[in-house]
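> The residues making up each chain are set out below.
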Amino acid sequence: MSARLRWRKFVSNLMLTLTGVCALVSVAVLFFILGYLVYNGGTSVNWAFFTQLPKPVGETGGGMANAIVGSAKLLLAASLIGVPIGFFGGIYLAEYSGAKVASVVRYAADLLNGVPSIVIGIFAYSMVVLPFKHFSTLAGAFALGLMMIPITLRSTEEFLGAVPRMLREGAMALGASKWKTIKTVIVPAAYRGILTAILLALARVAGETAPLLFTAFGNRFWSQGWGQPTASLPVMIFTYAVSPYEDWHRQAWAAGLVLLGLILIINILARTILSRGIAVPRS
Amino acid sequence: MTASSNPELSVKVNAAAGAPAAKENAAAMPMRMTISKLNFFYGSKQILFDINMGIADKRVTALIGPSGCGKSTLLRILNRMHETVATSRLEGEVLLDRQNILAQDVTSLRRRVGMVFQRPNPFPKSIFENVAYGPRINGFKGPIAEVVERSLRNAALWDEVKDHLHKSAYELSGGQQQRLCIARALAVEPEVLLLDEPCSALDPISTAKIEELLVELKNLTTLAIVTHNMQQAARVSDFTAFVLTGQMIEFSPTPQLFTTPTDPRTEAYITGRFG
Chain S
1 MSARLRWRKF VSNLMLTLTG VCALVSVAVL FFILGYLVYN GGTSVNWAFF
51 TQLPKPVGET GGGMANAIVG SAKLLLAASL IGVPIGFFGG IYLAEYSGAK
101 VASVVRYAAD LLNGVPSIVI GIFAYSMVVL PFKHFSTLAG AFALGLMMIP
151 ITLRSTEEFL GAVPRMLREG AMALGASKWK TIKTVIVPAA YRGILTAILL
201 ALARVAGETA PLLFTAFGNR FWSQGWGQPT ASLPVMIFTY AVSPYEDWHR
251 QAWAAGLVLL GLILIINILA RTILSRGIAV PRS
Chain L
1 MTASSNPELS VKVNAAAGAP AAKENAAAMP MRMTISKLNF FYGSKQILFD
51 INMGIADKRV TALIGPSGCG KSTLLRILNR MHETVATSRL EGEVLLDRQN
101 ILAQDVTSLR RRVGMVFQRP NPFPKSIFEN VAYGPRINGF KGPIAEVVER
151 SLRNAALWDE VKDHLHKSAY ELSGGQQQRL CIARALAVEP EVLLLDEPCS
201 ALDPISTAKI EELLVELKNL TTLAIVTHNM QQAARVSDFT AFVLTGQMIE
251 FSPTPQLFTT PTDPRTEAYI TGRFG
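Protein chains in written order, with the working numbering: chain S, 1 to 283; chain L, 1 to 275.
Bound-form chain L, shown alone (with noise of 0.2 Å):
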């Protein structure tokens, strides 16, 4: 992992309590990752209409909206995984450290840019295999071990699995599986991680436990989520970008957009009139 290219920056975050600095501005942060003029396509049909927008470095950056705006389309483009639709189709710019990701080997591009899906998804092999995959399939060739471990004491499950490393993946509860997913993730050290709806599967406790992780997980990575869940967004976010039938209304720090949204179908949205 790179280090943040402008580290006086950090100083500004407020880690203790995971709210974010009311100063900090989307303009001023050193971004990891930026979207330009994106155009998206699935066939004929378009889905996202000229995108603009930053993924900022050590940061939550939260993607809201309205089912089926597109929200979720925007965050598989940063990883390439729309590329499983046969008929999409992409203009515009993705970078990653300023680099183009559609330049880019798709599969070292994935192993820097993670991502934790919607449902639960862990591999039918043991905890420990789930976890040490990601590294051996890259190549790892070091102690996997301490891989493991690391990972899944990084998402916060160590304690709860240490026992039965080596028992079935799928005997986990939904938010242990949540968390697997996101240790296994981990584990090739990505240099943002994204999450597709993480916590739409599960109940509010295990909702509880991901999202102190996520705020935890900051010092570690960058962060990109999808949510259709409000209060999870001004929870977790540092950024947060409204989303609304493929066009990007509003992106502002995310007690700004939650408090004083500069566009009316932002607030229309937040104070729950649609979506």
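Just chain S, same shape as in the assembly (with noise of 0.2 Å):
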């Protein structure tokens, strides 16, 4: 075997090692993750967890309910605020707007996505906690609906435009005006999809911390409304987290663990919904 054949495969192994490695330190790294929270979280994770109010300082056990109810209403409540802007803006972007106008806003949203989340979280301080001289639900879900809006939009715009012309001439052709064809066949061939990204969008807000910190704050107890604050999975986390104690810790893990779980189970029925029904054809 000559020097340059024997270089050759050495450098193909070599290669052929490193992007293996780390294709598997990708997936390793959630797996650790995973196992870290089960590890120190897991025996935390009880049905006190889910229905008990946080003890307080000094008595061990309790648990989250009120942090567990209080995402969820902030969850609904973003969705509330972005979903609508999103899909409405994405169903213009695709269907009215011309090519200038479109890239603007394309390009905006894609700012808007990229705008760090305690940035918003101030946003939404200033707009609505000072005002109001309160923190919030609404205040968190109103800072969560602005970080949903850039995701729809984009997502919606890019499922409704590959949606085959066809379609929309076969509708056309047989009376339908644009709003009806938009309604009655251009989004329900790419519903699937996004609702897909919908569901993805509120995976990714979930987990944020930052805008939620000075809007709906925090709270050891039930929320009394949604004028006031909350508490949530991740501001709760990030207390436990960083608190003294060594129950609280595990307290935090097991929150950590529950929160992934939520996101992994969102993941899970965004992949289902997308493989069901009936699919349009690529053309």
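Since the hints were derived computationally from the structure, they do not count as laboratory data.
As the structure is a computational prediction, the values presented were derived from the model and not from experiment.
There could be a bad hint or two in this list.
With a straight-line Cα cutoff of 25 Å, these simulated DSS-like cross-link-like pairs (lysine-lysine) come out [as the list claims (entries may be wrong)]:
| id | chain 1 | residue 1 | chain 2 | residue 2 |
| --- | --- | --- | --- | --- |
| 1 | L | Lys-125 | S | Lys-183 |
| 2 | L | Lys-141 | S | Lys-183 |
| 3 | S | Lys-100 | L | Lys-141 |
| 4 | L | Lys-167 | S | Lys-183 |
| 5 | S | Lys-180 | L | Lys-141 |
| 6 | S | Lys-180 | L | Lys-45 |
| 7 | L | Lys-125 | S | Lys-178 |
Two chains, two frames, a set of hints: combine them into the complex.
In structure tokens form, the structure reads like this:
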């Protein structure tokens, strides 16, 4: 075997190993985090964790029922704010706007998507918290909702744009108006993709902490309403993790595990939706 | 659907054979649509030049010509599908039952003038929902299942799909999908049905079925078909228009155009010297 050939084989094997290891590491990180969460928090994920309020400092036990409900309320309200704006904006971009307007809005949405979440938090603080002089669930939902707009908008636009032109023409040739065509053919043809994207947007903001720190704030008890501060899983993790108490650390790990589980479930749900129903053939 | 304004003329049709009576002549036929002095542009590029022709009632009119000659564009103008291109511009007159189609509400025009496209384009819905779509969006409140069955029967598809109406339309073969699209168009009872190369994506057996169907459909509605297949035009149509580089070279009863063309360019095209 010539030296040159040996060198080639060596490089080939080296790159195979290198790329393989990198691929393995990417997967391993997820499982390592998952394993670490289970190891540290697994024992604290029990019935009480889901049903009880946090215990006062010094007492062990208790749960994070208020934070779980708080997170759910925040996500619900955030979706109500972010999804319609993103969805209808996406329809406008894909179906009505000219190329110039579309590129400007698209660019702005991408920038908004890149705004650090802490900045979104400050913005929500000055827009909602300061005028009402109150931390509130709504303020937190406002911040999270803003973060959902660009993802929903871009993916709605993308999935609508992928609907074949011949389907539009088919509907129009039957006497469907533009809006009717969009409503009865184009959106139904794209809805699985759009729904998946919305779920992924939801999964993404579910773990956001920074925008909630000074909007939804936190609460050791049940939130008294949409206008009052509320606990949420990410903020709870933050508060408990930096506390000096051993039991709180365990609960923070448990909350992390629950949050990750929630996000995994949303992801799996999204994938299931994407693989069901009548798919439009690509042409 | 309104009846032919000149019913005694229909006696001339040799319905059984599908071959038109050779004596039939374009001038004597009642016209469902008439196109006069039509010029059409995409931006500054002129696509059609001074087109004059008619679409005879309850007959099949074929538009033939080489690729890119403007025959599909001409067909799409008949239900204003050309308007999907923002830069398009039209001069001249297109009448449907003596009324200018450009002055009408476009959605009600398209309900009266249906269209079947080059490639089957069923919606990502069930077979039933595909056919029911047109009547539904047009506010049909009656027994929709009857309309669906009648339309599928008229499109010669009923027997093949009656046991799985709620399956996805994409589970049908290409030829069945195209007949489904025809059924979908028939469900709104169009006065004119435009077909833009409806067989170009189909195999010969499916093509034969559709051609057979078109001849049947003459009893029901008025048809205009674009085809690049001259044999197809000869088999199914009563009148044929030959279009070349945006100009109407010849418009005659089909037997006449294929046997004794008046223009040398028509003769050159149908004998296969170009195109």
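> Is the Cα-Cα distance between Lys-180(S) and Lys-141(L) 25 Å or less?
17 Å, holds
> Hint check: Lys-180(S) vs Lys-45(L), CA-CA at most 25 Å. Holds or violated?
Given pair Lys-180(S), Lys-45(L) is violated - Cα atoms ~32 Å apart, limit 25 Å.
> Holds or violated: are the alpha carbons of Lys-141(L) and Lys-183(S) at most 25 Å from each other?
Holds, at roughly 19 Å.
> Check whether the Cα positions of Lys-100(S) and Lys-141(L) lie no farther apart than 25 Å.
42 Å, violated
> Would the hint linking Lys-125(L) and Lys-183(S) be met if the CA-CA limit is 25 Å?
14 Å, holds
> Taking 25 Å as the top limit, are the C-alpha atoms of Lys-167(L) and Lys-183(S) close enough?
At roughly 22 Å apart (the allowed maximum being 25 Å), Lys-183(S) and Lys-167(L) satisfy the hint.
> Can you confirm whether the C-alpha distance between Lys-125(L) and Lys-178(S) stays at or below 25 Å?
19 Å, holds
Of the numbered hints stated above, those contradicted by the structure are hints 3 and 6, listed in ascending order.
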